[in-house]
Amino acid sequence: MYILLALGNGPAHGYAIGKEIDERSAGRLDPSTGALYQALKRLTDDGLVRAVPAPAGEAGDARRNYFAITPAGRRELAAEMARMDGLVSLARRRKLYGGPHS
Amino acid sequence: MSSAAERVFRTLLRLLPAAYTPRDAESMFDIFQRRAVRARRLGAVRYGGFLFKECIGLLLMVLRERVRRVFSFGGVPEVIADLPYAIRRLRATPVFTFAAVGTLAIAIGANTAVFAVLHRVVLSPLPYPAPDRLVAIDHDAPGIGRASIGLSLGLYWEYAALPSVEAIALYYTGQQTVSGVGEAERLPFLHTTPSLGGILGVRPLLGRWFTDAEGVTGAAPVVFLSHDYWQHRFGGKPDVVGTTVRLNGVAHEVVGVAAPGFAFPDRRVRFIVPLRLTPAVRRVSGFNYQGVARLAPATTIEEGRRRQDELIADVPHRFAADAEVTDGTFAQTRLRSTMVPLADRVVGETARMMWLLFGAVAVVLLVAVANLGNLTLVRAEARQVEMAVRRALGAGRRAIVGTVVSEACILAGLGGAVGTAFAVAAVNRFVADPLLVWPRAHEIAVGPAAMLFAIGLSTAVAASLGLVPLIRPADRPEALLHGGGRTHSAGRRAAVSRQILIAMQIGLAVVLLAAAMLLTRSADRLQRVNPGFDADARLVFEVGLPRSVYRTANQAAQFNDRLLNALEQLPGVSGAALTSNLPLEGRGQVNAVEVEGRGASAGDQRAASLWQVSIGYFKTMAIPVLRGRDFEPREATENAEVAVVDRAFADALFPDEDPLGQKIRQTGQTPWLTIVGVVGSTATESLREREGARVIYMPGTGIHQPSLILKTHGDPLARLSDVQRLVAAQDPSVAISRPEPLVAVVDRSIAETRMVTAAVVAAAAAALLLGLIGVYGVVAYVVAQRTSEIGIRLALGATRLDVTRLVVRQTAVALLLGIGMGIVVSFAAARWLQSWLFDVSPTDPVNFVGASLVMLTTAGWACWRAARRAAVVDPLQAMRGSTSP
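Chains A and B supply the protein sequences, listed in that same order. Using the working numbering, read the first sequence as starting at 1 and increasing by one per residue. Using the working numbering, read the second sequence as starting at 1 and increasing by one per residue.
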């Protein structure tokens, strides 16, 4: 999920994805290179992500694989967000959760 | 310049499965490098932690990916779909298939058979209620040098009152003459207190078990039949309860028949009679019995032993009136409780033997799997081009793996099925032998546990064989197709895998060879031990004189003397004698001995056995008279107070003086006996005993259950029918039992050692054969692989010897490595064989050198033979064609 979110802004390479996950989770999620790449590979196999050439303007290292989210990936992400949203609303209605500052 | 960390990470990246392209690997390395730069800024400790996490994370990821790919070959549907193709492939190579199935059948069959016995005899709890609380009651008496002395009546009654004991039973086994059912027979029986029924949860098939009242002196004689005996003698007829059987001439009423599975203490017992005791009579000594008990709930064995030892310490108070207590004899024994779980007592040393056999057959299985693994690898390589074509045409990795696995499944499945059939036949044959004396023999069968074991083993074998070709990373299809066979690096890696498997097989075979040599030398030494008498051409048997007819020792002596005279007149017989105890059948009753003039408290009172023998016993048994003389005929009839002792006794009690003329007696009992002669010691319990057992011989034939020895010309058993006729003619109510040649008695005492040795030798031979096949096969393959190279070398002037040597060198390293590893493992494991060894040290270098030489010469020969094929390569042919193996 974090990977798909990270790719929401546009194609990125593995290192950047990892850095974004680390920042977004406030350091709680810090997968090793192996684990991160395995996840990327799985997402690619499942068609939610694909390898793309380096975007224009990022000369970068020819070694790097860049990844971009696919339309299927976007749909999957949207569905997952909708599910979480529904859960948050339910929690709010039941006064179990008032928001991040409650 | 890359740092050490980067080099390590790069190396780990090489383990990635083929689905990860080189570009993926580079990408990952890039991520790692950039993260490393960031981590270095956080300090040495954090950097170290980062490196550790990255490396472990990568390793785990590789493992996950590889496992996922192996087990996601599509599962059962893919394997099943490939089965017809796999069957066709296997049929196309009948020699390989037959050899593979045969090898696996033998290996899996042997493992299953041994496991079946191991499971029932050693691993399963005893078939009685609450088996973990059942204990065997025993004592040792270090003060008189006795390690296992049994239980006495007096202590039985005292232990029964202990709170740590829920129930206790007393028993002993012996032989009685059964008459009134067909012809008279002497049969093994069990004499026990009625409490045994409750302890073992006896559920009779017919009738009932004994009541407590039947265990009291004066109760009517009753008998309980074993299931086998009821089937065999009474034809299994249901109305046997209430009928009468004569035991030693006394009529006993049959009250019950045992259920088929019941056999205590073993299946030789034909019937059970209650011990009739008088509770008021309690003597602390008279350790003639065995004991079994169920501990109270939540009582441990240690606590049980402790309570018994406390009671023993209290004996002077509880048995204050006993003569043995007042004169200090009891205290001298330093009696201690040696209570053990009943299962340990029942199974005894057999457990260790079973584990040794299990280890040996497991090693053979490993060698077989390694052997087949190599052959499978070779086959897989041979089909690399075919695989590459398949992959280029779109077959996923799953399909490729599926073909390998389905072949492995067929081989392992067939091998397992045939092997299990072997195992069932072998185990049934083993237990059907009526002479087999094996703990819990009546429970042994190839049951559900053994079947599951066979299935599990076959599955493991299938998995191992199926996975073997996957241990090397697969090559890219394009490279294979262009290269016409293999790529260089994959070829090298495959060669390394092959050599490792060869080394493993050789190493394991060496371990078994060394063990086999050790055991064979030991068994040989044991067989050469002089038992102290001549066992050849001698027949032994027992007779039983019913006390109802022969009430006194004199009456027994009259019968025995008449019998001996008649036996000596038989044609083909050159000597007859009689004894109360036969060598190698136990020491009999052992008691402390006094020497006149030394006083009861002088030094360590050595225990000795007292045997009664007829005149001519030593001559018939060819036991040499070392000093003094043999008995004279009048001494038997006059009950003269003389004794002949064996050398062990003389050396122990009279190390510095002449024993002749000295007076001895068993403490507090018999009159003083004058020693008139010293004879050679005989083995009393086993051929392994170092010291003789210290025996005092007295002349006389007033024995009710003597063993008789007949010295014959020619085959001793040829005289058996004459003997039976003669005994029946003297008295039809007297039966003989256990007739056998004396050599059989000697053989039986080393039967277990022989069996273990034979099994390990067989396992070693199997492992050696498999190892040789493995070496030959692999070298032949290497020759085939390198035919074009060999052709070039020959064309360029190399001699045939040179190319042969080239080929041999490759495998030689594996051979030497394997032998080295095998020696190291054998050395470490040798101590475990200690208890089966006799007169041989487990670390004797001769064995290791011997095993290495055998392996070196045979495997070296196999290697050379296969390599010779290189010598017959026609260089022109070789260079012309690109070969496929």
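No lab work stands behind these hints, which were simulated from the structure alone. We treat Cβ as the ideally placed atom computed from N, Cα and C, and that holds for glycine. Certain hints may be false.
Unchecked claim - With a cut-off of at most 25 Å between alpha-carbon atoms, the simulated DSS-like pairs for lysine-lysine come out as follows:
#1 A:Lys41 to B:Lys619
#2 A:Lys19 to A:Lys41
#3 B:Lys53 to A:Lys19
What the hints assert, rightly or not - Have a look at the derived ranges for each label pair, beta carbon to beta carbon:
#4 A:Arg94 to B:Arg7: 35 to 41 Å
#5 A:Ala51 to B:Arg14: 18 to 24 Å
#6 B:Gly261 to A:Asp46: 42 to 48 Å
#7 A:Arg83 to B:Phe52: 54 to 60 Å
Enumerate the violated hints, using their earlier numbering and listing them in ascending order. Numbers 1, 4, 6, 7 - these are the hints that the structure violates, sorted from lowest upward.
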